[in-house]
Amino acid sequence: MKPWFRSPLSQLIWQVPLLIVIILGLVLVPTYEEAVYDIKAGVGSKIQQESLALREAYRHQGSAGLMAAVEHRNQSFDEGAVYLMVNRDGQKIAGDDIEWPTKATLVNDSWFISPESGRDTLVGKVIILDDGSRLLIAQRSPLTKFRSNLRLRLILATLLAFVGSLLLGAWTLGRFRQRLERIKNSARHILSGNLAERLQLDGRHDELDQLASEFNLAFAEIEKLMDATRHVSSAIAHDMRRPISALRYRLEELSARADLPDELRTHIDGLLHQTDESLNTFSALLRLARLESGSYGPKHEPVDISALITEVVDTYEPVASAHHMQLVSQCEPALVMGDWNLLFLALQNLLDNAINYGREKIEIASMCAEGQVVITVRDHGFGVDEAALPKLFDRFYRGDEARTTGGSGIGLALVRAVADTHGGRISAANANPGLCMTITLPLLATHN
Amino acid sequence: MQSTMRLLVVEDDRHAAEFLLKGLKEAGHAADHSSNGQDGLFMATSEHYDAIILDRMLPKVDGLTIVRTLRASKNATPVLVLSALGEVDDRIDGLRAGGDDYLVKPFAMGELLARLDALQRRAQPTSSQDETVLRVADLEINLLKRSVKRAGRVIDLKPKEFVLLEYLMRHADRVVTRTMLLEGVWNYDFDPKTNVIDVHISNLRSKVDRGAAVPLIHTVRGSGYLLGVDAP
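Quick note, the sequences are listed as chains A and B, same order. Per this note's numbering, the first sequence starts with residue 770, numbered consecutively. Per this note's numbering, the second sequence starts with residue 22, numbered consecutively.
These are computed hints drawn from the structure, not numbers from a lab.
Each computed BS3-like pair below joins lysine-lysine, with the alpha-carbon atoms no more than 25 Å apart: (1) B/Lys-181 / A/Lys-1130; (2) B/Lys-228 / B/Lys-181; (3) A/Lys-1130 / B/Lys-179.
Please take these sequences and the hints and turn them into a complete structure.
In structure tokens form, the structure reads like this:
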């Protein structure tokens, strides 16, 4: 299974916030750049205007006029504006009480940017007059403050959007996943045999509710079909067995007649035996059909595999001896969830086969590995043609003459159905010599 | 060896009913017949029978309902349920409803008679399940000590052989079929394709009857086995 975070829904949890961050970035970064540019341009043009105006004052009124203009401007309330006029020796003639900024080079018409104490920057222009005195026209630029404030806000907003949408997504998805999980568990519960039950709707009429009600329709259909199967099974048992049963009754009546010649009686007893064989095949087929359709309703209780094998060995050891074979067992304690009778039926079928087609020795063993119990039944007979191995468990398989003589061809299909019903597997392999049947069942728990 | 019984047969299948009535008559029993559940229930409640042979699927009132009705009215007549349904859970349903035994159709007459016999014996209060020592002739088994003696000689039995012998002794002098042994000793309805029962009986017989003057375990041709002094 894929890990949960690989599902497309889970990927939305981080994809959506990421997308939001990217969009925010695409919109806000140019806006920010524009604002910075505007501020810069505003400051620049203001300084340019001032320098034009002051130059004008100097041209018309000379140094004194310029000083007056500077002083006048200094008195006004434009807090951002800074003026400084010094003489050739660098002594202040007019303007603000500041040091000549080191970054302001002594070149006419040159621009400078100089950091001030605090967070302001001074942006300005230097004008060198004819008499060697210098004029500095500058603005305290809001740019640095603006930059750091805005950057902080932008980062905060982006972070909020990211975390917010992440949390919202996770929460929504969590609830969604919870409901999905509920639906999944209910569906599993229903399919494990509780066919009359249905998925619960939330009453919100949303997609999940619609999905659940579609599933419910499907379950209703399955239940109907299962009922039909059950009905057909019992109908067959009752109706189709009837003529064969009638035949059997007649044959037995005939056989019981006192005036019957011995030769005829033997013949009729043979027919009786054949009738019983067909009836047995029929029962086995019905049982198989019920097992495979899941309508058997096997018990689910802890079954001790070693106790089961002990029981099987107690039952079959004398039979093996009578057939000049040795039956040996070796089992580990193991608990599985299941139906004792069905599991016994499976092992019984395997042992019947092993005794009928084996030689010398039959080994039955169980061992636990990786949460499973592996039960093996191995004979020392001639084995089976490699190509026929996978077909052994098909019903009515008749490929190998030796292995199907007298049998109904259903025994091994039943064994597989029993293994399937228990969530297990069965496989066959040649063990040279002999055939090894392996049933693997999920383990419930291991003793000690 | 079998006593005469008065029986009620409730069976709608003509062939099965004919076969039953004929076989029961030949075995010396007297049988009434009803072909539907309603009449069958009426006869079962108004007359006294030693045992009732009841088909599970009947027109009008089904077999299990009849058993439940009888048991609810404190009628304890032994009931043998016949059915075409032979799975374990069908059998459990039949017994849970109050049936005393369950036989899958079609059946051999010997099987049915043996089971009727066992039912009748079970209904008699003299045979107690609480006995700890069972005796047949000089054969004695102690259920508490799980020990077996024949004419004072201790016989060592395997667990399955012991349970088998106990079952045979509880049904002493009666025919016990292979199916009854499978159900009674192994608790399964399985259909072994090997001679499981015969082998176990043969082993048991060699241990119990070896060196004894009179054999106790007998084979009844076409039906099963019998444990008793007299051969059938």
